[in-house]
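K.L.:
Residue numbers (my numbering), protein chains in the order written: chain L, 213 to 596; chain A, 14 to 354.
If you're looking for bench data, these hints aren't it; they were derived computationally from the structure. Watch out, some of these pointers could steer you wrong.
[Claimed, not checked] Derived Cβ-Cβ restraints for the label pairs, each shown as a range: (1) Q207/A to Q254/L: 50 to 58 Å; (2) L277/A to F435/L: 32 to 40 Å; (3) E228/L to Q207/A: 25 to 33 Å; (4) E224/A to Q258/L: 54 to 62 Å; (5) R261/A to L226/L: 14 to 22 Å; (6) Q207/A to R478/L: 23 to 31 Å; (7) Q258/L to R261/A: 28 to 36 Å; (8) G119/A to A233/L: 53 to 61 Å; (9) A327/L to R326/A: 36 to 44 Å; (10) P18/A to K328/L: 44 to 52 Å; (11) F435/L to R326/A: 43 to 51 Å.
[Stated by the list, open to error] Sample of chain A residues facing chain L (criterion: CB under 7 Å; computed from the structure): (12) Q207; (13) L208; (14) S334; (15) F336.
Backbone N, C-alpha and C fix where the C-beta goes; we use that ideal spot for every residue, glycine too.
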Amino acid sequence: MSTISNTEEGLRYLDEFRDPALARQLLETLHDQCDRLSQQRQKPLQIMEVCGGHTHSIFRYGLHDLLPDSIELVHGPGCPVCVLPKGVIDDCLRIATAPDTILASFGDALRVPGAKKSLLQARAEGADVRVVYSPLDALNLARQHPDKTVVFFALGFETTLPATALALQQARASSVDNFLVYSNHITILATIRAILQSPDMRLDGFLGPGHACMIIGTEVFRFVPERFGIPFVVAGFEPLDILQSITMIVNQHLNRAPALENQYTRVVRDHGNAVALQAITEVFEVRESFEWRGLGAIDQSGLRLRAAYRAFDAEHCFDLGQQKIPDPSHCQCGEVLKGVLKPSQCKLYSNQCTPEQPQGALMVSSEGACAAYYNYGVPRDQCA
Amino acid sequence: MISVPEHITLSQGAGGRDMQRLLDDVIYQYLDPLSLQRDDAATFALNSLAQSGDRLAFTTDTYTVSPLRFRGGDIGALAVNGTVNDLACSGAIPRFLSLSLIIEEGFALEELRFYLQSLQQAAHSAEVTIVTGDTKVMPRGAIDGLVINTSGLGVIPSDRQPGIDRLKTGDTVIVSGFIGDHGTAILGARSDLQLDIDVTSDCKAITPLTELLFAHGGVRFVRDATRGGLAAVLNEIASSSQQGVRVRETAIPVRPAVRSTCELLGFDPLSLANEGTFVAVLAADTAGSALEELRRHPHGLHATAIGEITDRRPGKVELESAFGATRLLDMPRGELLPRIC
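Please take these sequences and the hints and turn them into a complete structure.
P.N.:
Structure (structure tokens):
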């Protein structure tokens, strides 16, 4: 049981990173920098914020309206819910409707539409679908229901991988034989590499994934400035974190010295979290290829359970992963994910595709770029 | 004497002797004997009602909450206060309630007594009388423990004319206290979250404060911010009036524990439910003195102005962030689901 007290003390650490006076100072610095940069280049700087958490913060605090015109934010693929292929949801529906089976997952995964319905709809129709807050909760469900099979629908980037790994290690150590994991974990590293190698790539910098880097460290991204000449700044998620990280990227452009920098030093270490990495390596191995919604197949971007964990692998117990269900042909999620289009420039945005009736991946989770645009009231025609 | 069994049985909802015993020995014990008219319908003398106003307000609501008890309230108090508050928002002085209990077979009698007592206390402090009711028992599994419906009747004094059509550009928007307490208390009461949250639900009647406001004057519109929270009420105000609403995020009172819980689970305090906190739109020239009066009442210590009615973006709610940026505040949608990361 954790306690949440009613004091300002616990929030002070957050509020310091939301200080409006400091934000104004950073914005002044940024405007100065951009004025100087405009003597060197005409085109705006296109900076990709990798994570859905970044996108959410940018809109929540209205940062996009406060930035100089010469900074264009491109919303990256770092929303693990958004990039789930529809076929995976149908796999989960098949699991959830199997007899004596409980499907457990994170809350916002339940809203993702499959070919015909979402897991929430399946629950309404009688499937046993539970919301959990951690893979360990799912493992506890299995212990509490020895007569049922509990399948944890595991998803997320490196951030959520260690928790799944830990649950599997515990399940194996205590021989829980009614606990399975359907791994749809993906790695942000492979995805960023794929974006950099894409022919229409035109980014001038990355706000790197703060929480994923907490696990995998910063060094793994050194190839971005060194091989591609693009600034990479690992960024926290509070408004001051984001503003400071942008000034760091602009500074690198002013000095014509693309580099790997870590703004989020209060959380992220150069080499990540050794214990977490050890657990991941022990439990997971890289798949040759994994299908992303909106982006297609990306090599070495997915993770599956190692042979030693075969007994816990839902892929070996259910007939899964066979179906490929394309998004509607007019859906432009891929272009938005790569930063070629803004959400509000998509043909479907806000008329056929809304958070209640999402057509494409990015409208599904509250952290998807399209959902952020929609929820914070960006009109359809603003940027088109 | 035959006593009422410790757990509710289907026969107690069947209209026979067992049901009569449940009514006489349990339920009626918590109701005002003078007001109980055991006929098929409660009756009222029109002229006595007409002495306090010129219109009647009539409302109904069904209450279901999981878990049934939470810090600061329970389904009994909720069922009285919720309906009383709906009447109060229309300007009415709440007078009479009906009480329908739908009980799951096997429900513990002692639990039922607890909620009836809570109901009785809430009705007493809100100065409303329960005059009619109904009891049904449903088979085990058909409902979740206990569901309560209350309908309420109130009288609107002739000088009170609140309405969404009365809003004017420049009017002041206030909230009567901290927002999100009820939603957070419910999250804290849910065992699956394993969180001990130091927040008490705001579950209470708003009549002491709304009576102060109506007596003070300048009230254009009042709405209690229940499901969907402040965000839903502000959007209803904007869309029904086709005026703009502009609020300052930093002015909205949110307790630290509510903010912490929302940070942890990815919720927005503005979308969390309240059960004794309201939004009012006041004529700008009376808002300052009205707020002073509210703050003199123990329930209104944290009443505060959060924004105004504008003509900038009709039908929309604008939220001004601490950084001076403005974003639209949309209607909350769907079930609240915690984010993955």
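K.L.:
All hints, please: hold or fail.
P.N.:
Right, here's what the structure says about each hint:
1. Q207/A to Q254/L: 50 to 58 Å: 55 Å, holds
2. L277/A to F435/L: 32 to 40 Å: Once the Cβ atoms are compared, 35 Å apart, the range 32 to 40 Å for F435/L and L277/A holds.
3. E228/L to Q207/A: 25 to 33 Å: With Cβ atoms ~28 Å apart, the hint holds.
4. E224/A to Q258/L: 54 to 62 Å: Distance hint for E224/A, Q258/L holds at roughly 58 Å.
5. R261/A to L226/L: 14 to 22 Å: 19 Å, holds
6. Q207/A to R478/L: 23 to 31 Å: With Cβ atoms ~26 Å apart, the hint holds.
7. Q258/L to R261/A: 28 to 36 Å: Given a distance of about 33 Å, which is inside 28 to 36 Å, the answer is holds.
8. G119/A to A233/L: 53 to 61 Å: 60 Å, holds
9. A327/L to R326/A: 36 to 44 Å: This hint holds: roughly 38 Å between Cβ atoms.
10. P18/A to K328/L: 44 to 52 Å: For P18/A and K328/L the Cβ distance comes to about 47 Å; the hint holds.
11. F435/L to R326/A: 43 to 51 Å: 46 Å, holds
12. Q207: 5 Å, holds
13. L208: Because about 6 Å separates L208/A from the closest Cβ in chain L, which is inside the 7 Å limit, the hint holds.
14. S334: Status holds, d = 5 Å.
15. F336: At 5 Å from the nearest chain L Cβ, F336/A passes the 7 Å test, so the hint holds.
Violated hints are absent here; each numbered hint is respected by the structure.
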